[in-house]
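Q: In order, the protein sequence lines correspond to chains B and X. Take the first sequence: its position 122, counting from 1, is numbered 122 in the working numbering, and each next residue is one higher. Count along the second sequence starting at 1, add 270, and that's the number in the working numbering.
Derived by calculation from the structure, the hints in this document are not laboratory data. Incorrect hints may have been included.
[Said to hold, decoys possible] Computed Cβ-Cβ distance ranges for the label pairs, DEER-style:
1. X:G528 <-> B:K40: 30 to 36 Å
2. B:G41 <-> X:Y895: 40 to 46 Å
3. B:T142 <-> X:V341: 51 to 57 Å
4. X:D869 <-> B:K91: 33 to 39 Å
5. X:I525 <-> B:K40: 23 to 29 Å
6. B:D234 <-> X:E813: 33 to 39 Å
7. B:A94 <-> X:R279: 42 to 48 Å
8. X:Y895 <-> B:S31: 23 to 29 Å
[Unchecked claim] Listed below are the simulated EDC-like cross-link pairs for lysine to aspartate or glutamate, each with C-alpha atoms no more than 16 Å apart in a straight line:
9. B:K89 <-> B:D73
10. X:K524 <-> B:D154
11. X:K404 <-> X:E780
12. X:K860 <-> X:D488
13. X:K901 <-> B:D154
14. X:K830 <-> B:E137
15. X:K529 <-> B:E137
All C-beta atoms, glycine included, are put in the ideal place defined by N, C-alpha and C.
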Amino acid sequence: MALLKRKSKTTDQISKNTVLYAQNVRKSFGSKGNVQQVLKGIDLRVEEGEFVGIMGASGAGKTTLLNILATIDRATEGTILISGSDISKMKDAAMAAFRRNQLGFIFQDYNLLDTLTVKENILLPVSLGKMRKKLAEAEFRTIADILGIADLADKYPHEISGGQKQRTSAARALINQPSMVFADEPTGALDSKSASSLLGTMADINEKRGVTIMMVTHDPLASSYCSRVVFLKDGNIYTELYKGDKTRQAFFQEILNIQAVLGGESIDAL
Amino acid sequence: MTLFDLAFRSMRKNIKHYYLYFFALIFSVVLYFVFATLQHDPAVLAQNEQMSTAFLAAGILLIFIAGIFVVYANSIFLKRRSREIGLYQLIGLKKRVVARLLVIENFLLGITALILGIIVGMLVSRVFLLLLMKLIGYDLMIDVSFSMTAVIQTVFVFIGIFMFTTIQMISTVYRNTLLSLFNTEKTGEHPKKPKTRNAAFLAILGIALIVLGYLISDNMLNDLFLFNILAVLASIGVGTYLIFRVTIGWVFYKIRDGKAGHLGLSNSLSLAPLMHRLKGNANSLTIITILSAMTLTMLAGAYSFYYATEHETRSQMPFDFIFEKNETEATELSKEFDEKGISYTHGAIDLLVLFGRMEEGAMPVPSNELYIAIVSDKQLQQAGSDIEAPADGSAIFYSTSSISMFRDVIEMPLTLHLADDEKTTIEIAEYAEGNSINGTMLYSQLVVNESTYEQLKDQFTATGQAEMSRVDGFTITDSADLEAASEIYVQRYNTSGHIDYYSAYQRAIETNGLLIFISGFLGLVFLISTGSILYFKQMTEAEQEKKSYGTLRQLGFSVKDIMRGIIKKQVFVFGLPLVLGLVHAIFAIKVLSSFFQSDIAFAAFVAMAMYTFIYLIFAFLTVGYYRNTVKNAL
Ligand SMILES: Nc1ncnc2c1ncn2[C@@H]1O[C@H](COP(=O)(O)OP(=O)(O)OP(=O)(O)O)[C@@H](O)[C@H]1O
Ligand SMILES: [Mg+2]
Numbered sequence: 001m002a003l004l005k006r007k008s009k010t011t012d013q014i015s016k017n018t019v020l021y022a023q024n025v026r027k028s029f030g031s032k033g034n035v036q037q038v039l040k041g042i043d044l045r046v047e048e049g050e051f052v053g054i055m056g057a058s059g060a061g062k063t064t065l066l067n068i069l070a071t072i073d074r075a076t077e078g079t080i081l082i083s084g085s086d087i088s089k090m091k092d093a094a095m096a097a098f099r100r101n102q103l104g105f106i107f108q109d110y111n112l113l114d115t116l117t118v119k120e121n122i123l124l125p126v127s128l129g130k131m132r133k134k135l136a137e138a139e140f141r142t143i144a145d146i147l148g149i150a151d152l153a154d155k156y157p158h159e160i161s162g163g164q165k166q167r168t169s170a171a172r173a174l175i176n177q178p179s180m181v182f183a184d185e186p187t188g189a190l191d192s193k194s195a196s197s198l199l200g201t202m203a204d205i206n207e208k209r210g211v212t213i214m215m216v217t218h219d220p221l222a223s224s225y226c227s228r229v230v231f232l233k234d235g236n237i238y239t240e241l242y243k244g245d246k247t248r249q250a251f252f253q254e255i256l257n258i259q260a261v262l263g264g265e266s267i268d269a270l
Numbered sequence: 271m272t273l274f275d276l277a278f279r280s281m282r283k284n285i286k287h288y289y290l291y292f293f294a295l296i297f298s299v300v301l302y303f304v305f306a307t308l309q310h311d312p313a314v315l316a317q318n319e320q321m322s323t324a325f326l327a328a329g330i331l332l333i334f335i336a337g338i339f340v341v342y343a344n345s346i347f348l349k350r351r352s353r354e355i356g357l358y359q360l361i362g363l364k365k366r367v368v369a370r371l372l373v374i375e376n377f378l379l380g381i382t383a384l385i386l387g388i389i390v391g392m393l394v395s396r397v398f399l400l401l402l403m404k405l406i407g408y409d410l411m412i413d414v415s416f417s418m419t420a421v422i423q424t425v426f427v428f429i430g431i432f433m434f435t436t437i438q439m440i441s442t443v444y445r446n447t448l449l450s451l452f453n454t455e456k457t458g459e460h461p462k463k464p465k466t467r468n469a470a471f472l473a474i475l476g477i478a479l480i481v482l483g484y485l486i487s488d489n490m491l492n493d494l495f496l497f498n499i500l501a502v503l504a505s506i507g508v509g510t511y512l513i514f515r516v517t518i519g520w521v522f523y524k525i526r527d528g529k530a531g532h533l534g535l536s537n538s539l540s541l542a543p544l545m546h547r548l549k550g551n552a553n554s555l556t557i558i559t560i561l562s563a564m565t566l567t568m569l570a571g572a573y574s575f576y577y578a579t580e581h582e583t584r585s586q587m588p589f590d591f592i593f594e595k596n597e598t599e600a601t602e603l604s605k606e607f608d609e610k611g612i613s614y615t616h617g618a619i620d621l622l623v624l625f626g627r628m629e630e631g632a633m634p635v636p637s638n639e640l641y642i643a644i645v646s647d648k649q650l651q652q653a654g655s656d657i658e659a660p661a662d663g664s665a666i667f668y669s670t671s672s673i674s675m676f677r678d679v680i681e682m683p684l685t686l687h688l689a690d691d692e693k694t695t696i697e698i699a700e701y702a703e704g705n706s707i708n709g710t711m712l713y714s715q716l717v718v719n720e721s722t723y724e725q726l727k728d729q730f731t732a733t734g735q736a737e738m739s740r741v742d743g744f745t746i747t748d749s750a751d752l753e754a755a756s757e758i759y760v761q762r763y764n765t766s767g768h769i770d771y772y773s774a775y776q777r778a779i780e781t782n783g784l785l786i787f788i789s790g791f792l793g794l795v796f797l798i799s800t801g802s803i804l805y806f807k808q809m810t811e812a813e814q815e816k817k818s819y820g821t822l823r824q825l826g827f828s829v830k831d832i833m834r835g836i837i838k839k840q841v842f843v844f845g846l847p848l849v850l851g852l853v854h855a856i857f858a859i860k861v862l863s864s865f866f867q868s869d870i871a872f873a874a875f876v877a878m879a880m881y882t883f884i885y886l887i888f889a890f891l892t893v894g895y896y897r898n899t900v901k902n903a904l
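Construct the entire structure; sequences and hints are all you get.
A: Next comes the structure, spelled out in structure tokens:
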């Protein structure tokens, strides 16, 4: 089945640069008699500064995995460490606080609050006042400039385009200087031009600011912006690809090849 | 019969969602039915004419309140269900069929509420009748008789109301396009930057109008009384509307502008969504404020009347019985009291009756002439009174005529010219509460000490400028004997047109008991209607915002953090109409209190506290609903 099943078992292998470490993560849904195993023992390690893409057919468990790693959902079994904190043992409240302080999120349908302006939306994660206002303001300026939405600060979500909304959502994910950003199909609702522009910016932020990103996507073109792509199949890691020094074009081709082997919708993704 | 099944299933599903609406519907039926039952109850009809008329009038008012409430609540729920209605049409049901579905559903819901309401009404009407009888001081045990008339009346009234909601539903289906049905759930306007100068002007005008209204109400006791009332109502009404429509938006905008994007979580959950819906909420918040103020005034007024009954009656009638110029009757009554072993104090009081004139402008009344009886405090005391007159040459003034409204306003001491005599004056040291002798409203009374009395009597009887009169006053020693004594008096003098203290008290407690019962009833209905409407509206808002709460939870905000912002919003939504309504009512009650001889502050406070308590229950229910929504948002 699996071509390259990784077998890292010991926690002491974690290097200083490991941002995320997951071991034997399992997740089942449903109750007795009708249990559906969605994740069947995922091992994953993400180093600081990586841009990891997660691919797989619909229903493969991508969103489930992302939600678990992002502490939005809990694993049935397994150990997960982010920046050295064992989130699988955290209480709900501690987990929420951890999420707020350490992680950033970009959602497929933006999830902006309609009643807030772009700037207010972006500043939400720091709105409990942990970060000093001056610092938050400076951070907002920098990020808004990078994402090209500085002029939209006072606009409401209904007044801006989908691509601009997603940039706002990305800015919101970055404002609290997270150790890691999670994105679930951030380009899913965008046309190809806005999508590549957003991905370019994300790759840029990943490179220049050293932000670690994990992104779920269906789109091989989107994952070609990543430094590594992990393929899921039936709740297991099927294989993974590193970009290395390859050009994006070559990497894209490789991703397509794996998808062809995996079957499913690789063809219509083009 | 698939359509019927569909309707039935959809209704059952909706009851789970809208159980509060269903409950409110039942509640309206119960209250109306109880009212209708009392209106036709033989025990009530036996009391007096006034009572069934009062029930009839209040019943009509009740129909209006219940009708408006049901129709309004239905419109809120129709809006919530517009997506469902759109969906039925999308899957190919004809408008006609969808309309029929809703009508059947409405019919089933209505009939169920009607039947349950009448059954509950039958069970509780006895409790209400007992309460009423207790309030009006009627102790006999009574049975509520089942009234078919009441049932029929209730059925007719609510079928009428359901007709309205049916028309509402049909027009929702026919008048809206699919697109608008799918979008109504989202409608909430987007806050616009207010046109600064206009908005600032109107915002301040709103506050100014309310302050103006309060100021007028504080000085409204003058010749222009009726005009003042209208001015106060208009300026407070318009002011309140401006507060909700402009002032709040303007203030919020200023605050938000000052934050420059750093809104903070709790403002993001209170200020921002409030601004988002200000236009839609302004009307209902204004109406709720004004109606709260009116209900509060009505309740506080009615309770004050009830609470002050004894005090008010006593201050009008300090003696238990009096006889005017009728010494023989007085003697006979005292004989009968002696025979029956009722102990009492009896004394004769001489009245020196003449005209007096006040200095120009001393009292805000058109005529300065007064018809006065001068009495000596010693004679009053001999008849059982405890009034004591001040020093020689000065007097305590008593009058329950129309000038008593100005009792607190008139400045003392005051000089009064007696008879046509320019030289003889007397100083009024104090304007006391009530009467010194059971009032015939005819004359004001001046209580002076004995030597002053003797001197004035000599002077004016000599010149013939005064007439002499005599009153016999009785005070029963033991108040337990009052009822028996009153019975004796009434039997002897029923036809003479005079009334004794105890009968007057009984009559007053009956009227005021009825008043407090009816206004309490209406107040409760109103309170529950407004409370539920606020709750329904907030429930809809909570549904609309659910996705935002989910996002916030995902971003790592705890339920507690989020609830803090939501509670802040509820403090505004429930608190502002309540506080404004209370303050409005306080000023109204202050005006009302000048019609009372006694202090009604305590009674008014009790009425307000109870109102606030019930009102806050709805606020807590709302917060609970939000908490559930936030918890389940992730
Ligand atoms: N809350 C849940 N309860 C029960 N089953 C669930 C739940 N969430 C996900 N599943 C199941 O887990 C499986 C994986 O779902 P997941 O959303 O992770 O897929 P995905 O890879 O993100 O798919 P897609 O590409 O379509 O988004 C699916 O079969 C789904 O039905
Ligand atoms: Mg998914």
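Q: If a hint holds in the structure, say so; if it does not, say that too.
A: Each hint tested on the structure:
| no. | hint | verdict |
| --- | --- | --- |
| 1 | X:G528 <-> B:K40: 30 to 36 Å | violated (54 Å) |
| 2 | B:G41 <-> X:Y895: 40 to 46 Å | holds (41 Å) |
| 3 | B:T142 <-> X:V341: 51 to 57 Å | holds (55 Å) |
| 4 | X:D869 <-> B:K91: 33 to 39 Å | violated (57 Å) |
| 5 | X:I525 <-> B:K40: 23 to 29 Å | violated (53 Å) |
| 6 | B:D234 <-> X:E813: 33 to 39 Å | holds (37 Å) |
| 7 | B:A94 <-> X:R279: 42 to 48 Å | holds (44 Å) |
| 8 | X:Y895 <-> B:S31: 23 to 29 Å | holds (28 Å) |
| 9 | B:K89 <-> B:D73 | holds (13 Å) |
| 10 | X:K524 <-> B:D154 | holds (14 Å) |
| 11 | X:K404 <-> X:E780 | holds (10 Å) |
| 12 | X:K860 <-> X:D488 | holds (8 Å) |
| 13 | X:K901 <-> B:D154 | violated (30 Å) |
| 14 | X:K830 <-> B:E137 | violated (26 Å) |
| 15 | X:K529 <-> B:E137 | holds (11 Å) |
Hint check: violations occur at hints 1, 4, 5, 13 and 14; the rest are consistent with the structure.
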